[in-house]
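Novice: Single-letter residue listing:
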Amino acid sequence: MIGNDIVDLKTAEIQNNWQRKGWVQKIFTVSEQNQVMISENPHHLVWKFWSMKEATYKAHQRQFLLAPKFNPKDFVCTDSIITIGNYSYFSISKLMNDRCLYTIASSITLRNVLYTSRVFKNSFYYYKNELKKIIAEELKIHSSRITIEKNDNGIPMIMIDHKLTDIQFSLTSHGSFTAFVIVL
Amino acid sequence: MTQEELLSKLKTIVEPYVQNQEEFQKLSGDTDFINDLDINSANLVDVILDVEDEFGIEIDNDGMEKMLTVSASIDVILEKLAAK
Chain X
1 MIGNDIVDLK
11 TAEIQNNWQR
21 KGWVQKIFTV
31 SEQNQVMISE
41 NPHHLVWKFW
51 SMKEATYKAH
61 QRQFLLAPKF
71 NPKDFVCTDS
81 IITIGNYSYF
91 SISKLMNDRC
101 LYTIASSITL
111 RNVLYTSRVF
121 KNSFYYYKNE
131 LKKIIAEELK
141 IHSSRITIEK
151 NDNGIPMIMI
161 DHKLTDIQFS
171 LTSHGSFTAF
181 VIVL
Chain U
185 MTQEELLSKL
195 KTIVEPYVQN
205 QEEFQKLSGD
215 TDFINDLDIN
225 SANLVDVILD
235 VEDEFGIEID
245 NDGMEKMLTV
255 SASIDVILEK
265 LAAK
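Protein sequence lines, in the order shown, are assigned to chains X and U. So for the first sequence, the working numbering puts the first residue at 1; every next one is plus one. So for the second sequence, the working numbering puts the first residue at 185; every next one is plus one.
No lab work stands behind these hints: they were computed from the structure. All figures in this text were calculated on a predicted structure; none of them were measured in a lab. The C-beta atom is built at its ideal place from N, Cα and C for all residues, glycine as well. A few of these clues could be false.
[Claimed, not checked] Below, a list of computed lysine to aspartate or glutamate pairs in the EDC-like style, where the Cα atoms sit at most 16 Å apart: (1) X:K26 x U:D244; (2) X:K163 x X:E149; (3) U:K264 x U:D234; (4) X:K73 x U:D244; (5) U:K193 x U:D222; (6) X:K150 x U:D216; (7) U:K195 x U:D259; (8) X:K21 x U:D234; (9) X:K26 x U:D246; (10) X:K69 x U:E249; (11) U:K193 x U:E236; (12) X:K26 x U:E249; (13) X:K69 x U:D216.
[What the hints assert, rightly or not] Rough simulated footprint, nothing fancy, chain U against chain X, three-plus residues with beta-carbon under 8 Å: (14) 22-33; (15) 129-143.
Start from the sequences and build out the full structure, keeping to the hints where you can.
Specialist: Here's what the structure looks like:
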């Protein structure tokens, strides 16, 4: 299963004061906190860990169709591996032009997954259309037959002719950036 | 503290992080912080820290993971206040 998360570093700087007393303790493990403390760029590392946890949360929630929960501390980052309970996820994080941090997390090592991912700037609706276009081309159907609807747990699902599919994908948006990842 | 007082305090806490004012105007127990009010998930941490400061309580991981809606948050706050 796959998940993604993007952090607009400028927006994060304005909206989130991670140096606020108690903030890191609420969401990071002791080891993660220590790594942030000794990091040369704590701002980047905070948001890298955060996007790893969020991307994995989405993959894990989709994998087990879980009800929403706010438990970032349960997702433990060790290098690029994230563990939640007995499950492990693999991740790739990229710092893009110093403007955003983008993470893709997957239950299978990403080397062995055929996925497509794209990041957009200032395109809040367009990115979903691009995703539909890719699915339409792959399945050789008209993109008007594809819709994205959230299920009862708030997980977005791809529907074709309003019928649920098990297409693995994930959407993310923050500040000026949007992105999708899809396994095809 | 009555339910109404608690709700009004919670509304004041949440307001600075709300990105969907229309939904905020019709806030109810079912209102979901992330899906309805478009609160950035990283700001949920701030909501939780503000709640701790305002009510003088400590919210542990079990409490925190439930605090995604108005009614669930009120339940957690009441539970922590009772245990004080």
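Novice: Determine for every hint whether it applies to the structure shown.
Specialist: To see whether the hints hold, each was checked on the structure:
A hinted pair counts as satisfied when its Cα atoms are at most 16 Å apart, and K26 of chain X with D244 of chain U qualifies at roughly 9 Å. For the hint pairing K163 of chain X with E149 of chain X, the CA-to-CA distance comes to about 10 Å; that is within 16 Å, so the pair holds. Simply put, K264 of chain U and D234 of chain U have alpha-carbon atoms about 14 Å apart, close enough for the 16 Å limit, and the pair holds. Annotation: proposed proximity of K73 of chain X to D244 of chain U holds, straight-line Cα distance about 11 Å (limit 16 Å).
For the suggested pair K193 of chain U and D222 of chain U, the alpha carbons sit about 19 Å apart, so the restraint of at most 16 Å is broken. Under the criterion of a C-alpha separation no larger than 16 Å, the hint pairing K150 of chain X with D216 of chain U is consistent with the structure, at around 14 Å. For the given pair, K195 of chain U sits about 15 Å from D259 of chain U by alpha-carbon distance, which is consistent with the 16 Å threshold. Between K21 of chain X and D234 of chain U, the direct Cα distance comes to roughly 11 Å. Compliance with the 16 Å bound is thereby established for this hinted pair.
Of the supplied pair hints, the one linking K26 of chain X and D246 of chain U holds, its CA atoms being roughly 12 Å apart against a limit of 16 Å. A distance of roughly 5 Å separates the Cα atoms of K69 of chain X and E249 of chain U; the hinted pair therefore holds under the 16 Å criterion. With a C-alpha separation of about 12 Å, the suggested pairing of K193 of chain U with E236 of chain U holds against the 16 Å cut-off. A distance of roughly 11 Å separates the Cα atoms of K26 of chain X and E249 of chain U; the hinted pair therefore holds under the 16 Å criterion.
Taking the CA atoms of K69 of chain X and D216 of chain U, the gap is about 12 Å. The hint holds against a cut of 16 Å. Requiring three or more residues with a Cβ within less than 8 Å of a Cβ of chain U, the coverage given for the segment 22-33 of chain X holds, as 4 such residues are present. Three residues within the 8 Å Cβ limit are the bar, and the segment 129-143 of chain X against chain U gives 0, so the coverage statement is violated.
Checked against the numbered hints above, the structure violates hints 5, 15; every other hint is satisfied.
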